[in-house]
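**Student:** Sequence:
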Amino acid sequence: HFHCDKTKLIVNYIPQFATEDDLAQIFTPIGRVESIKIMRDFKTGYSFGFGFVKYSTVEEAAKAIEVLNGFNFRNKRLKVSYSRPPGTDMKDSNLYITNLPKDVTEQDVDNLFKDFGEIVQRTVLKDKITGLPRGVAFVRFSKGEEAQAA
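Note that UniProt numbering has the sequence shown beginning at 1, numbered continuously upward.
Heads up, some of the hints might be wrong.
Taking lysine to aspartate or glutamate pairs in the EDC-like style, the calculated list, with each CA pair at most 20 Å apart, reads [as the list claims (entries may be wrong)]: (1) K43 x E20; (2) K54 x D5; (3) K79 x D5; (4) K114 x E66; (5) K79 x E59.
Just the calculated beta-carbon pair ranges, DEER-fashion [unchecked claim]: (6) K143 x K6: 25 to 33 Å; (7) D21 x Y46: 12 to 20 Å; (8) Q121 x D5: 40 to 48 Å; (9) T105 x S35: 19 to 27 Å; (10) D5 x G131: 36 to 44 Å; (11) V58 x K126: 37 to 45 Å; (12) V58 x V120: 16 to 24 Å; (13) P101 x S142: 22 to 30 Å; (14) Q148 x E59: 35 to 43 Å; (15) Q107 x S56: 16 to 24 Å; (16) T98 x S56: 19 to 27 Å.
Keep in mind the hints are simulated off the structure, nothing from the lab.
Please read these numbers as outputs of a predicted model, since none were measured by experiment.
Glycine residues also receive a C-beta, built at the ideal position from the N, C-alpha and C atoms.
Make the full structure from the sequences, and use the hints.
**Tutor:** If you want it as structure tokens, here you go:
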């Protein structure tokens, strides 16, 4: 059974071109930050729009949530919450699918996975320059068991 690490925060809705340094300027006034990581596509460096901030103490992390959740940063409102280990929040309901044909559509993804359960959200990632699919998709099911079955 995983416990929730109360010093590690997940930050959602990070603007596309924001850097770790930008986040440091927002998060360090709250307390001592041990690490900041924005999650990016391994090949392209394209930001997925979320990342993690780890504080030294539980108190600092709690204060950061209180102060910075909803913080307006470059016309986006940051969502700051405790990072949950895989398997607690949505019970592993997300799938990350790679090596899809480059002409794949969201409808194709639906057709492939709909038999496994209720699809809550699906995203076919597109190249930000060409607008063409990159052969990668995210699928979120309503239940973790459905994603595991898929």
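**Student:** It remains to establish, for every hint, whether it holds in the given structure.
**Tutor:** Structure-based check of all given hints:
1. Proximity of K43 to E20 is assessed by CA-CA distance (about 18 Å); at most 20 Å being required, the pair is judged to hold.
2. For the suggested pair K54 and D5, the alpha carbons sit about 9 Å apart, so the restraint of at most 20 Å is met.
3. Proximity of K79 to D5 is assessed by CA-CA distance (about 17 Å); at most 20 Å being required, the pair is judged to hold.
4. Straight-line distance between C-alpha atoms of K114 and E66 comes to about 39 Å, which puts the hinted pair past the 20 Å bound.
5. The hinted pair formed by K79 and E59 meets the criterion: a straight-line CA distance of about 18 Å does not exceed 20 Å.
6. In this structure the supplied range 25 to 33 Å holds for K143 paired with K6, their Cβ-Cβ distance being about 27 Å.
7. In this structure the supplied range 12 to 20 Å holds for D21 paired with Y46, their Cβ-Cβ distance being about 18 Å.
8. As the Cβ distance of Q121 to D5 is approximately 26 Å, the hint placing it in 40 to 48 Å is violated.
9. With their beta carbons about 38 Å apart, T105 and S35 fall outside the hinted range of 19 to 27 Å.
10. About 38 Å separates the C-beta atoms of D5 and G131, a value consistent with the hinted range of 36 to 44 Å.
11. The hint said 37 to 45 Å for the Cβ distance between V58 and K126, and at roughly 40 Å that hint holds.
12. At roughly 32 Å, the beta carbons of V58 and V120 sit outside the given window of 16 to 24 Å.
13. In this structure the hint that P101 and S142 lie 22 to 30 Å apart at CB holds, the actual value being about 26 Å.
14. A hinted range of 35 to 43 Å holds for the C-beta pair Q148 and E59, which are about 36 Å apart.
15. The hinted range of 16 to 24 Å is not satisfied by Q107 and S56, whose Cβ atoms lie roughly 47 Å apart.
16. Distance hint check for T98 and S56: the Cβ-Cβ separation is about 36 Å, which falls outside the suggested range of 19 to 27 Å.
Violated hints for the displayed structure, listed by number in ascending order: 4, 8, 9, 12, 15, 16.
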